[in-house]
Amino acid sequence: MSGAARFDIRIPIGGLFLLLGFVLAIYGITTKSDTALYVRSDGIVINLWWGLVMIVFGGVMLYFGRRAKERPLHSPAGEETEIREHVTGLEK
Amino acid sequence: MAHLTNIDYLLMLVYFAVVLGIGWTLRRSTKTSTDFFLSGRSIPSWVAGLAFISANLGAQEVIGMGASGAKYGIATAHFYWIGAIPAMVFVGLFMMPFYYGSRARSVPEYLKLRFDEKTRSLNAITFAVMTIMSSGISMYAMGKLFNLLLGWSFHVSMIVAALIVLAYIFLGGLTSAIYNEVLQFFLIVFGFAPLVFLGLRAAGGWPGLKTKLAEVSVGRGFEAGAMTHAWRYMGDSSQNPIGVEWFGLAMGLGFVLSFGYWCTDFLVVQRAMASENMAAARRTPLIAAIPKVFFPFLVILPGMIALAVDWHSPGAGGSLAIAGGQGIVPPKIDPATGAALLDRAGHIVLDYDLSVPMMLIRFFPAGMLGLGLTALLASFMSGMAGNVTAFNTVWTYDIYQSHIKKGASDEHYLWMGRAATVFGIVLSIAAAYVANSFNNILDLLQLVFAFVNAPLFATFALGMFWKRTTGHAAFIGLLSGTVAAAIHHGISLAAGATPGVKGGYFGAHIIYRSELGQTFWTAIAAWVTCFVITILVSLVTRARPEEELRGLVYSLTPRPSEGDVVWYQRPKVIAVIVLAIALALNIIFF
Chain A
1 MSGAARFDIR
11 IPIGGLFLLL
21 GFVLAIYGIT
31 TKSDTALYVR
41 SDGIVINLWW
51 GLVMIVFGGV
61 MLYFGRRAKE
71 RPLHSPAGEE
81 TEIREHVTGL
91 EK
Chain B
1001 MAHLTNIDYL
1011 LMLVYFAVVL
1021 GIGWTLRRST
1031 KTSTDFFLSG
1041 RSIPSWVAGL
1051 AFISANLGAQ
1061 EVIGMGASGA
1071 KYGIATAHFY
1081 WIGAIPAMVF
1091 VGLFMMPFYY
1101 GSRARSVPEY
1111 LKLRFDEKTR
1121 SLNAITFAVM
1131 TIMSSGISMY
1141 AMGKLFNLLL
1151 GWSFHVSMIV
1161 AALIVLAYIF
1171 LGGLTSAIYN
1181 EVLQFFLIVF
1191 GFAPLVFLGL
1201 RAAGGWPGLK
1211 TKLAEVSVGR
1221 GFEAGAMTHA
1231 WRYMGDSSQN
1241 PIGVEWFGLA
1251 MGLGFVLSFG
1261 YWCTDFLVVQ
1271 RAMASENMAA
1281 ARRTPLIAAI
1291 PKVFFPFLVI
1301 LPGMIALAVD
1311 WHSPGAGGSL
1321 AIAGGQGIVP
1331 PKIDPATGAA
1341 LLDRAGHIVL
1351 DYDLSVPMML
1361 IRFFPAGMLG
1371 LGLTALLASF
1381 MSGMAGNVTA
1391 FNTVWTYDIY
1401 QSHIKKGASD
1411 EHYLWMGRAA
1421 TVFGIVLSIA
1431 AAYVANSFNN
1441 ILDLLQLVFA
1451 FVNAPLFATF
1461 ALGMFWKRTT
1471 GHAAFIGLLS
1481 GTVAAAIHHG
1491 ISLAAGATPG
1501 VKGGYFGAHI
1511 IYRSELGQTF
1521 WTAIAAWVTC
1531 FVITILVSLV
1541 TRARPEEELR
1551 GLVYSLTPRP
1561 SEGDVVWYQR
1571 PKVIAVIVLA
1581 IALALNIIFF
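Residue numbers (our numbering), protein chains in the order written: chain A, 1 to 92; chain B, 1001 to 1590.
Keep in mind that a hint or two might mislead.
[Claimed, not checked] Capping the alpha-carbon separation at 35 Å, the derived lysine-lysine pairs in DSBU-like fashion look like this: (1) B:K1210 with A:K32; (2) B:K1502 with B:K1332; (3) A:K32 with B:K1212.
Don't read these hints as lab results, they were simulated from the structure.
Given only the sequences and the hints, what does the whole structure look like? Please build it.
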């Protein structure tokens, strides 16, 4: 029953989106004038714009994930359910 | 074939690293079998809710719904607006109190508590085999697709994806699967939303798309609006591309199939069972329904847009832009001759399954293409992980613990869960290879599962809401529902199909306009038979004493309180909001 408290899922999501967003945005800045590359997206430098959107989303997730208190590994209600399982012999 | 650049591979690698990192971090908090199979029942409802839809958001959904969008148009949204959404609201409001409240650890275990061992075993075994088959089919589809699009090796891409899924579930169990599903959910949304934006822009917005699809629709022999209206042409099966009339649609798809899947399939219900308390468990499918109601715009629209746009310059699609396609949807190729396949009437058969992949290649430059393909990979992986976690739980609790080794230590079952994860993945890979060499065997098996699943909701509905239902009745009802499905399928055939796997093996006495029409009515036949037989057998067998059924049947269970939570967290409030949105969308796209 012991073990480290579980982390908040918003933290890795935030991290992933920040990382992906930065990679996309930086690539977008360096390729901004490459019109051949952006023929597919009809002239929109989609890498840069979508990279920025992902950075914002990642930042918001990270902010809320870090602000939230660490979740306990076992909640009282879940624990109670588990105890009832033992009592009713469901595991036998 | 599309070529990926380093930037695309970099984005994919970042994703894989984070996915594995989550599994690695969670390994320390996976100490008991409850941690492994039920996440220690401590998942907050928004996380469980997103995992609830993500587990179903496999390849079948992303590729298949886009394909159906190109084939049937906006009417495909019925799979959501009269299918999934009402069913998800129902399972949250009315069924979750019994699943969660009964202390059952799996859906088959609920059947054991409510009915008896044989009903549970029937459900557990068919479910276990089915999850393996569907994860195998999904792997096979992935290997094929990435081979076709990028020239990756079928074997390598399939096995690498399988090993990543194996690693993160082995380490962190259900929590790891759920956490990754939430991550995959956001990745899929962020990978496909710009596709819809760029696609709609190129097609001239919704009005432009409507005009273009009107031509497509007329070319296929329907009224101009048949592909952009969900209900208007549902009066007669000959007037809409789905080939079904409103009653078969509402009853077969909306009631029998959707309720059967969303309310009884452990793959999705497991996510809600992992919630931290009853209120959170009930909220799980309701929270899931909120994004789900808007999913048609994300997964169906790209398929429709694929019909209405062209390659940006002649020859830009390379080897994939084959003459005879429609928009950017290529024709199906006859592997023997290399030419486009023709149907009986001499029309070119389109390869609808390539609609969404073609959209990615058409609209995404290097960079975004990497993100889009990562989203596609994420959808394959979340679907696979959903199947594997459901399999290892049902195997360990409902088959191993109840038939092979009772009363072992918790460590032993935790070990068995990990072992089941490994052999579940190995079996899925084997199934993928079977699919690769004998396509028809898997078609046949999927058909059998459709027969097994169709009557399920009748059994659960009677079990939960009629205390007189007995175990013998449930078992016999399920079997007779399956037989009824097989018989109906055997005497019916879709127009243009040849008897065999497609039905008609007892002679084609009923002809449906489409395979979907046949499927819906097969489900209706199975459900009605199971419902009637279960009632009849219940009346002649001895019911269980009422005190044994407390917490398992509606009339013998105290109503769950809505909880002392703020109004927007109350199940009923969320349910009303979701249903109102679904109704509004039905009217807007009528």
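So which hints don't hold here, by number, going up? Result: no hint breaks.
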